[in-house]
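**Q** Okay, here's what each chain looks like letter by letter:
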Amino acid sequence: MTAAPLLRVQNLAVRYGDLVGVSDISLAVAEGAVVALLGSNGAGKTTTLNAIAGLVPPASGTIDWRGRDIARRPAHEIVRSGLALSPEGWRLFVQQTVEQNLRLGATVLADRARASELLARVYELFPRLAERRRQRAGTLSGGERQMLALGRALMSDPKLLMLDEPSLGLAPAVVERMYEALAKLNREGLPLLLAEQSVELALEIADHAYVLQTGRTVLAGPAEELAGNAEVQRIYLGVA
Amino acid sequence: MILLQVVVGGLLLGAVYALFSSGLTLIWGMMNVVNFAHGDFVMLAMYVAFLGYTVLGLGPAWFIPLAAAVMFLFGLLVYFALIRHVSRGPMLAQILSTFGLALLLRYSAFWVFSANFVTLPDTLVGGNFAIGGLRLQASRLVAGATALLLTIGLDLLLTRTALGGRLLAVAEDRAAAQLVGIRPDRMQALAWGIGAASTGIAGGLIALFFYISPTVGESLALIAFVTVCLGGFGSVPGALLAGLAIGVIESLSAYLIGPVYQDVVVYALFVLVLWVRPQGLLGRA
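Chains G and S supply the protein sequences, listed in that same order. Residue 47 is where the first sequence starts when you use the numbering used here, and the numbers rise one by one after that. Residue 14 is where the second sequence starts when you use the numbering used here, and the numbers rise one by one after that.
Treat the hints loosely; a few may be bogus.
[To be verified] Now the in silico label distances, taken between C-beta atoms and shown as ranges: (1) G:Gly-113 to S:Trp-124: 54 to 62 Å; (2) G:Ala-159 to S:Leu-170: 21 to 29 Å; (3) G:Lys-230 to S:Val-284: 52 to 60 Å; (4) G:Asp-64 to S:Leu-116: 35 to 43 Å; (5) G:Leu-65 to S:Phe-93: 28 to 36 Å.
No lab work stands behind these hints: they were computed from the structure. The beta-carbon is built from N, C-alpha and C at its ideal position, and this holds for glycine as well.
With the rest of the complex left out, here is chain G (with noise of 0.2 Å):
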């Protein structure tokens, strides 16, 4: 982590009318790493997520994103810019089929080639997707849904990918293969920033790690460290 980080988020700050969604969060993801974000339910994951993504503006701080603060940008730009989320709940449009929703996410391309060089990248990723191209999204299950959530992101050919707790919800095996994906799709060499609420997962995958309690960002290291360190799980993640 020596370069200049690709994203860098400094002092976020997210109002909801009188309520704080957060509050002071820092963070910065490097070239080529997977960041975690931890914290339990109502930490501010899914909201620092979503303001970087664009669909909250932050009340104060910045976020520098490839050298330009995007923090006020509309999510429409961000994404466009190479910054994609897979969002909270998946958020897939689930009436239209599979093969519509991947092809939705390449929305930002402007090159059809390109297009289709990444559903077939998708289809191999997920053989399961391509199973079900014509099928609508919302008869998939939880692990098809989440799946399609990832591969939709993936389909604007994202510079960094955010995902929002990809694990939520899903059994031990698929989660297992969500994780690999994940973990191939790295050693490609996509970034990733993940909200994550099981801390043994998210540090297993992860280079760096930053935790996050009522809206502030209470400790970062390197995710060995914070693997090893049994009184700070103790302390912010609430695992005995």
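Please arrange chain S on chain G, whose structure you already have, making use of the hints.
**A** Using the frame of chain G, we list chain S on its own:
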């Protein structure tokens, strides 16, 4: 034989109902805004067609596309000048704004065109002809067939093209659409344009066989609302089915019971269907 004649006549009229109702259902489905001025859009389109004929000397093959183009632009104007601003406000502001727009259009029409009824000459789309014992008015046949094809075309646009996919994506989940790089604002403007263009074509078609007056939109708006409720909010195939059904029911009850009561039957059935199936025929619960 007369009964069949009545049913076919109802279907032809119903197809036109389906066309402008699908415009209303598209706008509703895209942004949950009820366009109370929809019937007055049709009225406006009828006057555009009338002026196209009387002032510019155009035939139906020209003044109907002209009405569609004018109404498309008018839809964009209404979206950018009015809807975009009030859609951030409370629900009541949205309802009252399109209601206000309806009154503005209606009374502007009184002012500009006077309360007198006008008609296009019924020879524009020539006379009557018979197919296998059925006697049909050519103007109604042309109107019905054109409306049917365009309604089906609108559904194909929405379900089979990339642009339609983007429109439906915004309709389903605005935030998710933004996350894949769609600009919801543009899609909503386009929905208003397309929705208004559907009234443009329908208005041009209706003007071929119906009188034009500033208040003609009132009853058409009611038909559009009934059609959209019956077919299911946001569903174009639903609007098509419901439009055809309402056309046939109207004609049948006018023939069997009497023209005065045709509306009673339509609305009675409407209430009954909603009582049994509140989401409409093809709507999602």
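**Q** Take the hints in turn and mark each one as holding or not.
**A** We went through each hint and held it up to the structure:
1. The beta-carbon spacing between Gly-113 of chain G and Trp-124 of chain S, approximately 58 Å, falls within the hinted interval of 54 to 62 Å.
2. Ala-159 of chain G and Leu-170 of chain S have their C-beta atoms about 25 Å apart, which keeps the hinted 21 to 29 Å range intact.
3. Range check, Lys-230 of chain G to Val-284 of chain S: about 58 Å between beta-carbon atoms, so the 52 to 60 Å window is met.
4. Between Asp-64 of chain G and Leu-116 of chain S the beta carbons are some 38 Å apart, a value that agrees with the proposed interval 35 to 43 Å.
5. Hint check: Leu-65 of chain G to Phe-93 of chain S, Cβ distance near 32 Å, so the stated range 28 to 36 Å holds.
Hint check: no violations occur; every hint is consistent with the structure.
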